[in-house]
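Asks: Here are the chains, one letter per residue:
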Amino acid sequence: MRKRSWGFVAVGLLVALLLAGVVSNYASSHPDGLDSSLLKGCTVDSEGEITGGSCPAQQEKEHEVGGPLADYGVAGIDNGFLSTGLSGALGVLLTFAVGGGVFWLLRRRGPAGPDDSGDTARGDRQRAGAAG
Amino acid sequence: MHISNGIINGPVAGIFAALALAALTVCVLRGRRDLDDRLAPMAGLVAAFIFAVQMLNFPIFTAGVSGHLLGGALAALLVGPWVGALCVAVVLVVQALVFGDGGVAMLGLNVTNMALLGTAVAYLLIAGLLRVLPRTPAGLGVTAFVSALLSVVVAAQGFVLQYWLGGTTDLGGNITGLAATMAGAHLLIGIGEGLITATTVVTVAKVRPDLVYALRALKPATPAPVPAVGGVR
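If you read the protein sequences in the order shown, they are chains A and B.
No gaps in the numbering here: position 102 of the first sequence is 102 in full-length UniProt numbering, and each next residue is one more.
No gaps in the numbering here: position 95 of the second sequence is 95 in full-length UniProt numbering, and each next residue is one more.
Each statement offered as a hint is correct.
Simulated pairs of lysine to aspartate or glutamate, EDC-like, Cα-Cα distance not exceeding 20 Å:
(1) Lys-40(A) / Asp-170(B)
(2) Lys-61(A) / Asp-170(B)
(3) Lys-61(A) / Glu-49(A)
Think of the hints as simulated: they come from the structure by calculation, not from any bench.
Please model the entire structure based on the sequences and the hints provided.
Replies: Below, the structure is given as structure tokens:
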């Protein structure tokens, strides 16, 4: 049971790596809904740079950190496909490490018995928790 | 839907940072009840998966505008509302600190909209819908689609509220214009969010229904008739 859960997590991670490492290169590069809403009133060129007008997006300031993976690319890698894909794959692994690590440390560490007693007990406990 | 630095003023960003920190603390305390040896790795996977899918901006058939998954509904369905909000928050922290996506000073605002508001709205809808809809792939899919779509629309209005409180450009009192633009774009983005969320959750439910938190925790309003000896009572 435990083993199969880890198998599921491994397959899921592979899917995530594929999405962030390869498919991400086919993502739309247009500004998202929020950014485009803030561009209302301005004109932009094909690179997305503001060329005129006045809009809330002009107040945007530099990011505090930047770093080697800023804007989903790896600094120093000129090949765009590789740069985006590698940054995405690194991001997936980093997010899994940070998230998985934090959740593993936070998890309930009670006696192993009741936890493995099956889905009925689990469901009952969660229902009781939701009601309480 | 990440807010960049300079868009909302410092005091309002600070207030939302405090608010987000308090809410995430509650999520940790409540989420620990759900987090066991099985849910913890699953929650790590959900965070990593949301990070990956957030990179996949899709066009929304409005000239030059794209959108991406926020993930609140997906997280709430798979690991529950408390741990789910923490999953999205982990993604936002990694994005802000490592990928320059969303200002670090804006983290409280972004966590409030996407991790807290998105997940909370989604789970309220999931809890309501899953109790009345049939426990079929279609019922789960509709639940996922509707909750994901509406959670995105509400999260977008969370930003409008924040902009009304502390936007750095005076819109001349015309906040309704921003509200309408955000609502329109995020209704379309929400359709994408709904399709991705429904596809993912229905797939997981087919392979491992025991790993879908919402199916474990939420029971139907009327208990399904039990085919027992003596017939249905």
